[in-house]
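Student: The task is simple: from the sequences and hints, build the whole structure.
Protein chains: 2
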Amino acid sequence: MNNIQFEKRKSIEQVEESNELAPKFDSNGLIPVVTTDFSSGELLMQGYMNEEAFKKTISLGEAVYFSRSRNTLWHKGKTSGLTQKIKEIRIDDDQDCVWLRVDVKGGASCHVGYRSCFYRSIPLDNSSSKVVLKFEEKEKVFDPEEVYKGAPNPTKL
Amino acid sequence: MNNIQFEKRKSIEQVEESNELAPKFDSNGLIPVVTTDFSSGELLMQGYMNEEAFKKTISLGEAVYFSRSRNTLWHKGKTSGLTQKIKEIRIDDDQDCVWLRVDVKGGASCHVGYRSCFYRSIPLDNSSSKVVLKFEEKEKVFDPEEVYKGAPNPTKL
Chain A
3 MNNIQFEKRK SIEQVEESNE LAPKFDSNGL IPVVTTDFSS GELLMQGYMN EEAFKKTISL
63 GEAVYFSRSR NTLWHKGKTS GLTQKIKEIR IDDDQDCVWL RVDVKGGASC HVGYRSCFYR
123 SIPLDNSSSK VVLKFEEKEK VFDPEEVYKG APNPTKL
Chain B
3 MNNIQFEKRK SIEQVEESNE LAPKFDSNGL IPVVTTDFSS GELLMQGYMN EEAFKKTISL
63 GEAVYFSRSR NTLWHKGKTS GLTQKIKEIR IDDDQDCVWL RVDVKGGASC HVGYRSCFYR
123 SIPLDNSSSK VVLKFEEKEK VFDPEEVYKG APNPTKL
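Protein chains in written order, with the numbering used here: chain A, 3 to 159; chain B, 3 to 159.
By construction, these hints were calculated from the structure, which means they are not laboratory data. Source: prediction; values computed, not measured. This list has only true hints and no planted wrong ones.
One copy or two, it doesn't matter: identical chains are merged, so the pair holds either way.
Mimicking DSS-like on lysine-lysine, the simulated pairs with C-alpha atoms at most 25 Å apart in a straight line are:
(1) Lys-136 to Lys-87
(2) Lys-132 to Lys-10
(3) Lys-140 to Lys-107
Tutor: See the structure below:
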């Protein structure tokens, strides 16, 4: 699929009830993306795409994001080899969020080395005001020091 | 759990590798939230929380968002009855995204009336430049006209 066209947003009915793709990008030109594992349903990561990244994702069949920390197009897995093969793309009611259902080559999507970025839970049965996160993944799938040799950590404080 | 405290963000190691909850809110004071169905794993919606909404979600055990269109705290289901009971809360590596795993009373989470907000897919096998969305849910679970009588549609063009 080449030269993909997005429709202009004309009415609420068009956006919510029709079969026209008319995505809404925010004031920074970005749309949030939710990425889950196609087989397990597990949430792998949440990122962003600009218009170019969204069109590339559709035409390439692999996840292409826009990296806010590096301010550039980001073909996921280009460095690490852990590409995300698209099995299905969905868009939400008001077309301001994209859902990617993917197969991950290498089985990991998190730059810290875990399978999912969401490797910690917030306990609900705590009676204290201090929250102690629980690790839901016990072991890293890969060693980020090896895979991203010398690349700066994308996490911003 | 009352008077929940969030930690100050001190280092990448603290944020990524420790058990301290130190969430990052964006320049508007919001953090994106991904909500999936606990049983089916299906993505139901993507929303936002401010600090107060996040703390209320943890203490109440039901999803409380911040509505950007109405600029107010939004206890999901307060109007429609379709509350989201929290089964698990997770936070991502750099703690700038929250994952809620929920049971939905009434079985629907979308203001248009569908089970999930993501009721349409983008075909991948299309050779034309025009994208024709495919409806993945055939029937609405509820009639929004009945449930939200007279309330304005939150979708913004």
